Amino acid sequence: MIEIRGLSKSFVGQDGGRVQALSDVDLDVAENEFLTVLGPSGCGKTTLLKAVAGLVPVDSGEIVVDGTKVRGPGPDRAMVFQNFALLPWATVLDNVAFGLELRGVGRAERQERARALIAMVGLAGFETKRPAELSGGMQQRVGIARALAVQPRVLLMDEPFGAVDEQTRRLLQEELLSIWEESRLTVVFITHSMEEAVLLGDRVVLMSARPGQIAEIVPVPLERPRARSLERSGKYAEITAYLWDRLRDMHEEHRAAR
Amino acid sequence: MIEIRGLSKSFVGQDGGRVQALSDVDLDVAENEFLTVLGPSGCGKTTLLKAVAGLVPVDSGEIVVDGTKVRGPGPDRAMVFQNFALLPWATVLDNVAFGLELRGVGRAERQERARALIAMVGLAGFETKRPAELSGGMQQRVGIARALAVQPRVLLMDEPFGAVDEQTRRLLQEELLSIWEESRLTVVFITHSMEEAVLLGDRVVLMSARPGQIAEIVPVPLERPRARSLERSGKYAEITAYLWDRLRDMHEEHRAAR
Amino acid sequence: MRARVPAAAVSLATGAVAWELIGRLAGVSFFPPLSTVAVRLAEMAAAGEILQSVADSLVNLLIGFTISLVAGLLVGVAMGRYRKVEAALGVYVYALLTAPALVFAPIFFSLLGDGRGSIIAVVVMYATFVIIINTASAIQSVPAHLVEMARSYGASERQVLLRVLLPAATPMIMAGVRLGVGRAVTGMINGEMFIAVVGFGHIVTEAGGRFDSASVLAVLLVIIAVALGAVWLVQAVDRRLTGWVPQTSRGSQ
Amino acid sequence: GVRGTETNPDGTLSFSIAVTEPDITTVPILAAVDVVRQAGHKVEVVELAEPELAIGGLAEGAYAFSAEATSPALSAIEQEAPIRIVADAIGNQWAIYGKSRVTCDDLNGRPFGIFSRGAVATAMTEEWVRTQCTGGRKPEYLTIGGSDVRAQALVAGEIDATALELADVVALERSGDSSFTQVVDFGETLPDLRPQTVYANTGFLAEHRDVAQLFVSALVREHAKINADPRHLVSLVKTYLPEEETDDVAEIAERSVEAGLFDAAGLTERNMQVTIDFFVRAGVIEPGMTAKDATDLSFIKAAA
Amino acid sequence: MTRRGHLPYQLLTFVIFAVSWEVYARVRGGLLIPTFTETVGASVKLLGSAELWQALYASNQALVLGFALAVGVGVPLGIVLGRFRTLERFADVYLNILLVTPMAAIIPLLGMSVGYGLAARVILVAIFAIVMVVVNSRAGVRQVDPSLIEMARSFGANERRIWTRVLLPGALPAIMTGIRLGIGRAVTGMVLVELLMVSTALGGLMLEYRGLLKAPQLYATIVIILAEALLLISVARWGERKLTGRSVR
Ligand SMILES: Nc1ncnc2c1ncn2[C@@H]1O[C@H](COP(=O)(O)OP(=O)(O)OP(=O)(O)O)[C@@H](O)[C@H]1O
Ligand SMILES: Nc1ncnc2c1ncn2[C@@H]1O[C@H](COP(=O)(O)OP(=O)(O)OP(=O)(O)O)[C@@H](O)[C@H]1O
Ligand SMILES: [Mg+2]
Ligand SMILES: [Mg+2]
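Each protein sequence line maps, in turn, to chains U, Y, G, D and A. If you count the first sequence from 1, position 59 lands on 59 in our numbering, and the numbers rise without skipping. If you count the second sequence from 1, position 82 lands on 82 in our numbering, and the numbers rise without skipping. If you count the third sequence from 1, position 183 lands on 183 in our numbering, and the numbers rise without skipping. If you count the fourth sequence from 1, position 50 lands on 50 in our numbering, and the numbers rise without skipping. If you count the fifth sequence from 1, position 216 lands on 216 in our numbering, and the numbers rise without skipping.
Hints may contain errors.
To be verified - Listed next, the in silico DSSO-like pairs over lysine-lysine satisfying Cα-Cα at most 27 Å (straight line): (1) D/Lys-42 x D/Lys-238; (2) A/Lys-214 x G/Lys-84; (3) D/Lys-99 x D/Lys-138; (4) D/Lys-225 x D/Lys-301; (5) Y/Lys-69 x U/Lys-235; (6) D/Lys-238 x D/Lys-225; (7) A/Lys-214 x D/Lys-292; (8) D/Lys-42 x D/Lys-225; (9) A/Lys-45 x A/Lys-242.
Since the hints were made in silico from the structure, they are not lab data. Everything numeric in this text was worked out from a predicted model, so none of it was measured.
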């Protein structure tokens with residue numbers, strides 16, 4: 001579904017300094033795969049996701065989604081943004097319906113779909129509020145609802161549950177999994193929670209920092225549906241512990257190198 | 001140190017609707033206590049913290065910090081904001097030094113202190129970047145460094161480690177604890193991670209939603225310093241499990257009520 | 001980064017060529033080609049007519065604009081920050097923005113006489129209100145959470161103003177200042193044309209009376225050059241102050 | 001003392017006079033100012049954009065003299081401003097020009113350029129239309145500021161006819177465009193109307209009679225010299241308005257002298273009364289003013 | 001604070017303003033400076049005269065058309081310039097020239113090329129107002145959070161949708177500031193063209209009153225023109241509030 005070949009990207013800062021955000025990244029994501037991404041803060045996860053979304057021009061390498069080279073955003077992909085990116089002047093309802101509106105869905109239909117998703121993320125009753133009137137976690141959920149509303153084939157999620165409480169997170173995870181299972185959705189999901197990465201992912205991509213590279217790809221051979229009880233299984237603990245060690249090593253290496 | 005009595009706060013939305021964010025909250029925080037706060041998204045945690053910071057006018061009730069009634073912000077308290085609130089035009093260095101500058105600390109001294117804190121949060125080398133050039137987690141760390149730089153007596157932290165990876169989070173937790181132990185700092189710390197709440201807190205405040213109220217205060221009778229190995233102790237597991245159950249119940253009650 | 005084409009120079013050159021061509025093709029007395037105007041300008045400069053006027057007018061401009069800038073920023077900030085001030089002054093600011101400044105000539109005369117004072121007053125009338133209005137609305141649209149953050153660190157009202165509101169409002173304020181500079185130049189020339197007829201205003205009025213379009217346009221060229229110089233100065237300051245603004249624009253890489 | 005006038009230690013005076021848009025009709029006044037200067041006085045000539053500003057300053061004493069349209073002076077005098085008309089600046093130089101062989105009736109409903117209502121040329125035009133057009137016919141007035149601009153509009157075909165100053169008439173004729181002719185010459189139909197006069201602040205007149213007299217006498221002499229030889233006007237224009245084109249000026253000078261336009265001393269109670277009555281008819285001032293109220297003819301009498 | 005809470009401040013400044021006008025005019029006023037009370041009296045009288053309303057009607061034709069032109073061209077132009085840097089770098093000079101050229105000096109040129117009719121007046125009003133709209137729209141677009149544009153693009157927004165759904169609403173406060181400034185300038189332009197080029201309508205009235213030294217009527221006319229401008233500006237504010245649904249101060 002997604003093929004990434006030799007992807008590199010660097011930013012030239014306003015102070016003249018150059019930051020290598022991604023360096024020679026290769027990655028394949030199969031159709032209907034749930035891929036989770038872990039890595040230290042600032043290692044290039046967001047940059048990678050935006051590149052797949054077609055939002056940042058890359059320096060070299062190419063990204064092919066479903067056989068077509070990515071040259072910009074497309075209706076096959078939708079993104080949940082780390083910083084939410086809500087329209088401050090629009091209500092919750094309009095924000096959630098925004099993606100649908102851009103795709104030309106009629107008013108009645110998009111409002112109906114938006115309302116359903118707002119209810120799903122637990123924001124029923126807040127339809128007419130503006131982002132500034134919501135708590136951080138509520139804003140994040142609006143961003144999630146907006147992306148789900150357009151029913152993309154590839155869903156790119158950047159720390160989507162970072163600001164919600166554990167219970168809401170579980171709930172949203174379940175909703176996401178059920179949507180993913182029903183449709184033939186492909187998901188790339190950035191998180192800082194190893195538990196979440198293992199619980200949700202078919203494979204976990206470990207990224208290392210400066211320059212951002214793929215350090216390792218860890219398969220998660222746990223059958224689905226994965227119950228919560230899995231968390232107490234040996235396999236689960238093993239993978240999580242492995243990830244934990246790998247990331248700690250990367251982290252220490254990196255600190256030592258400075 | 002902090003006494004909160006009968007605190008209530010509601011917002012009147014632009015759509016005319018009224019949201020009761022806090023309702024009759026009573027809370028005491030002892031000097032040098034590390035208090036953690038857990039609660040569903042949108043239950044009023046941020047509102048409570050801002051009220052203590054003196055940033056939101058309350059409807060009724062009062063807050064007394066160190067014997068003085070809170071009427072506005074004061075140099076004894078510093079806040080880490082959930083949405084970071086960085087100055088987009090200022091560099092990392094200037095952002096971190098901002099609090100010190102406002103307090104009249106001389107240029108050389110404040111830059112020195114800022115640099116030390118930037119290094120501590122793992123951003124050495126990024127001093128001259130602007131917020132827009134940083135990843136989400138990096139921005140969050142700038143906000144943390146800024147609050148620590150002013151060496152407040154009360155530190156109010158709103159999901160301060162929500163956007164950083166697990167390793168960095170551990171590191172920052174340790175740094176925070178060592179600062180807290182050395183000085184006679186009082187910390188109020190909002191988080192969505194039960195593990196974090198138990199690992200760091202002397203007591204854990206559980207809040208329930210709509211209207212925001214304190215559901216229960218759970219003491220954490222684990223001796224300090226708390227090693228990571230604690231996570232495998234029975235006591236720790238017991239408290240965490242209790243919090244988990246309580247929050248799930250609250251969550252379900254709330255969903256049922258809708 | 002590759003070397004930039006000096007865009008202004010290119011488009012000015014294009015404009016100049018277009019002017020010359022249209023002037024030659026049209027062949028009407030009221031729109032002489034650029035070359036004719038340039039020759040006229042050289043003659044006038046040689047006769048010393050231009051230089052004295054430039055110096056004189058620039059002094060008026062400088063004094064008038066400085067007053068406008070200071071008053072504009074002060075009043076604008078006060079109106080943006082304090083609703084009471086806005087309530088008290090808003091109507092008058094908009095009224096004075098609208099009022100053709102020339103109708104106040106008798107009042108300036110009565111207050112300041114027919115000399116430099118009145119012309120400077122016209123410059124101030126022209127430039128100040130744009131700056132006030134833009135500054136006020138710039139201050140009002142600063143994100144509230146930044147002010148909140150600063151207050152949490154104990155920022156005094158002055159600090160909130162200097163360290164948060166002003167920097168955050170700078171892009172819009174500078175847009176106003178830029179409009180203000182342009183208006184100041186217009187005020188300068190109009191003051192010299194419609195109040196006390198001196199300097200450039202004298203040359204334009206006289207040449208206009210003779211239907212000497214070449215002279216009018218020659219003087220206009222000088223005025224525009226002066227004005228562009230002033231505006232470019234403002235823009236240079238603007239770029240320094242607002243380099244941080246993340247780009248909304250495309251095609252800049 | 002008078003606000004804008006100062007007496008210097010050596011007994012000479014410092015004062016200002018105001019002019020608006022100096023043109024060929026203003027140069028004799030500038031020459032007269034130079035005569036006053038030669039007597040040791042410091043005279044500043046202030047150029048203003050509007051006659052009303054000059055009148056305002058005159059009323060306050062900021063200026064000692066000014067010379068422009070008569071009607072605002074009469075309005076000011078009517079409002080009891082301390083102003084008196086002391087000499088004539090230029091006679092009635094206005095004429096209506098239009099397409100060849102046009103009469104008032106032909107202009108019915110056609111665009112006719114005027115300045116604002118209340119201006120003297122407009123007033124004369126309206127009176128002409130009232131008396132000459134039959135059956136309530138009248139042109140469609142299109143207001144365009146300035147005689148020079150109206151001349152351009154006439155050439156451009158924007159209007160069918162308009163009232164013009166002598167200078168613009170000459171310019172129009174010299175342009176070689178023969179499709180326009182004079183429809184009526186107000187200098188002939190209203191010879192006693194004084195559209196443009198010299199006026200002064202009464203305080204100044206009372207306190208500095210000698211200097212005022214010096215100025216008026218010099219003006220009368222300049223006008224006399226022009227009438228004796230139109231080339232004198234040409235040389236004055238060369239001195240005071242070096243930019244003006246000399247060919248036109250010579251022609252204008254000839255024609256002005258022919259029509260007797262330069263006659264500062266020609267102001268009398270009789271023709272002032274005619275002028276006042278005209279402006280009363282035109283609605284500029286209320287009835288009741290007499291020539292005595294508006295003028296101080298003692299200076300031109302003494303100069304003669 | 002409620003809008004009603006502002007009233008005392010508005011009244012206070014009005015009283016100060018009126019009293020100082022009255023006192024100054026009584027002490028120093030001359031032929032050309034009427035007192036406040038005279039002006040109020042003349043305004044009331046004028047409002048009852050058909051002449052004024054005809055003049056208002058005639059003048060406003062140019063105002064409405066010219067201002068509509070300025071907004072219709074100015075807002076898109078400002079957005080284009082804010083969004084496309086390259087284009088802006090080339091067009092900037094001309095915007096500056098437009099901003100600084102003394103219109104009074106080009107009025108004769110305009111008259112000679114398009115005549116003295118409604119077209120000339122409309123063009124002049126538009127020229128007066130457009131710079132304010134363009135410069136502020138551009139500044140507004142620059143302030144729109146770039147991540148919103150990125151977000152819209154990720155949902156497949158084409159350039160047009162980015163304009164209408166992100167840039168325009170995001171820049172709206174600044175655009176509306178430009179529009180309010182533009183209204184003020186347009187009214188000035190409307191009067192000035194009548195004063196300097198074709199002395200009809202309101203400008204004609206003002207010239208007439210000035211020529212006759214009827215200062216109270218002259219300033220009454222100005223007061224009425226300003227009242228119109230203020231009215232239009234409040235309508236713009238009201239529209240802005242309607243449009244955004246948020247409270248605009
Ligand atoms: N617009 C930009 N301009 C300059 N540098 C940038 C820009 N965006 C990102 N970077 C740099 O690129 C690197 C990778 O950033 P990215 O946002 O991809 O990190 P991330 O892995 O998502 O981190 P986090 O987990 O903290 O969100 C960082 O060092 C950052 O400073
Ligand atoms: N400025 C505001 N205007 C209107 N309503 C507000 C405002 N700020 C907060 N609220 C409302 O108050 C309630 C509590 O908000 P608060 O931000 O305190 O929640 P929170 O507990 O911090 O949630 P989260 O964990 O998601 O950050 C929410 O329902 C929110 O919609
Ligand atoms: Mg990121
Ligand atoms: Mg919160």
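These are the hints, each one checked on the structure:
1. D/Lys-42 x D/Lys-238: Cα-Cα ~23 Å, so holds.
2. A/Lys-214 x G/Lys-84: 37 Å, violated
3. D/Lys-99 x D/Lys-138: 16 Å, holds
4. D/Lys-225 x D/Lys-301: With a Cα-Cα distance of about 18 Å, the restraint between D/Lys-225 and D/Lys-301 holds, given a limit of 27 Å.
5. Y/Lys-69 x U/Lys-235: Violated, because 54 Å separates the two Cα atoms, which is more than 27 Å.
6. D/Lys-238 x D/Lys-225: 16 Å, holds
7. A/Lys-214 x D/Lys-292: Status holds; Cα separation ~23 Å.
8. D/Lys-42 x D/Lys-225: 24 Å, holds
9. A/Lys-45 x A/Lys-242: 36 Å, violated
Hint compliance for this structure: hints 2, 5, 9 are not met, and every other hint is.
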